[in-house]
Amino acid sequence: MARRTPTPVRYAANAVGLMVLVVSVFPVYWMVSRSFLPRNEIRGTEQVWFPWGGNLDAYRRVLAGDAFRDALTTSLMVTLLTVGVALLFAFLAAVAVSRFRFRGRRSFIMTLLLIQMIPAEGLFISQYKMLEGFGLLNSIIGLTLVYVAAVLPFTVWTLRGFVDGVPRELEEAAMVDGCSRVRAFFTVTLPLLAPGLVATGLFGFIQAWNEFTLALVVMTDPAKETLPVWLIGFSESRSRGVDWAAIMAGSTLITIPVVIFFMIVQRRMVSGLTAGAVKG
Amino acid sequence: MTSSPRGGRTSRGRAAARRTPLPIGLVLPATALLVLALGYPLVRQVFLSVQEFGLAQQFGQPPEWIGLGNYRELLTDPYLWAVVGRTVAFCFVNAGLTLGLGMGIAVLMARMSGWVRVAAQIGLLLAWATPVVAAMTIWQFLFDTEYGLVNWVLVELGGDYAGHSWLLHPLSFFMVATIVVVWMSVPFVVFTLYAALTQVSDDVLEAAEIDGAGPWQRFRHVVLPSIRPVLLVVLLLQLIWDLRVFTQIYTLQKAGGITRDTNLLGTYIYSLGIKGGEFGLAAAAAMFMLALTVVITAPYIRMMLKQEEDD
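From first to last, the protein sequence lines are chains A and B.
Be aware that the first sequence starts at 1, since it is given in our numbering, and climbs by one per residue.
Be aware that the second sequence starts at 1001, since it is given in our numbering, and climbs by one per residue.
A hint or two may mislead.
As the list claims (entries may be wrong) - List of simulated lysine-lysine pairs, DSSO-like, C-alpha gap at most 27 Å:
1) 1275/B x 129/A
2) 1254/B x 129/A
3) 1275/B x 1254/B
Since the hints were derived computationally from the structure, they do not count as laboratory data.
Work the whole structure out from these sequences, hints included.
Spelled out as structure tokens, the structure:
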């Protein structure tokens, strides 16, 4: 649709575009800018639009307690473990689905698609009971187990696309040159899959890092909270009056890695999500 | 990945020739994990939903089989129907708004100057990338009773909004929830639909224009039919996401204090089971949610299965 646009239409479209920009960016700007404000300015009767007189006190208040660091540790461990296990299992499955025809292949793919439709909220009660039975409530392993299950279908689906994209002929050429099939796969195909593995891993990271519902259900012990659960708890604790600057600082800290990773994978985000869908 | 010799097999191809257990072994870890973490709980939930499993059972009494008792209790409770009604209404309103706004922005995006388009896209990406919990704290802050920017602006404009609480009344509670959900969801719709719109053939559009079709007619009869498959997928994804909305409602309930009049299915199941210890009832309600998801997403699933068949 790269057609000539009449000037008035272009102006109107530009106006809408700038509105979209402001509405999208302003809340994020508000979060970051408020996180630098001292308490008296955030609670003043006048709004401080730019945090010129700002400082890092709010970040110090967040980082001072053990709560944030505990939650960060839990979040990092669960997220990295989830990404690692999901990538490995999904990689194996994606190779099978892409490179082999076998009995049950179709039903495997269909099942993955159907699983994507299951809302976590429709299953968390019995997942909770299951983990309780295993003695895995408040455990990194327990939360990782349900996280891997949540991201696996999407991960297999995405990786399958990447494996499909590496022409089989390349492997065969290497085999003609005397490589074994396994060696051909590892020396030729695997390096070509590296970007796909990175992108898929980042997807998984974002999912697990952001996840709230299952973490709330499974990690009931305040010492075992993940960052999202910590943040919501932190924002609700009204004992000493609401420390909005600290809440915004905490939110900013949680947001930073996601935004960075998101910018890296954003091109694949659109096609990935429509091909097989997950979102928190 | 085995080095078995490939015989002269026909079209089904070289892959069929390898009848090794290898592929089964490759999908085994993924399958086993899904069976353990999703399949087993699902089966267990069916059993749980036909048992009396409340606090007494939490403390060691064996659960009692009560057949469809939990379902009867739920389905005859007008409160469940109020929750279901709210859930479906919230889902349709949010999906509708998201789709409408997303479509409008996507169409206009093609008509913006280059730099405006890029700026708008970066803004949308930022909103999209913001984690849901961060989005919640930001919007709660914006709508905060005492220090919120919204109340401040409304007071400056001469409104009687000093100390106004947005979360105390169900309608304004859901308005805030809708704003957050739509703010977070629109970017995905815009990017997807904009990508689809750029694929619409210029030649056909030009031909339609020469044939005297106005802008609306071109949109209605040329653009819309060609982006229909993408539109359908986006719509149904949005329905799924807005049906299962939990984090936003839970967080706002925590901040506002009212739950009974603002529960949607997700938070209702949570309060029945995790908070209330009525696991049997909660499991039955969860089964109800799964059924509702199936009903609303059935067209999507059918479409996906058909696509996979055509592969």
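Which constraints among the numbered hints does this structure fail? Numbers only, ascending.
none
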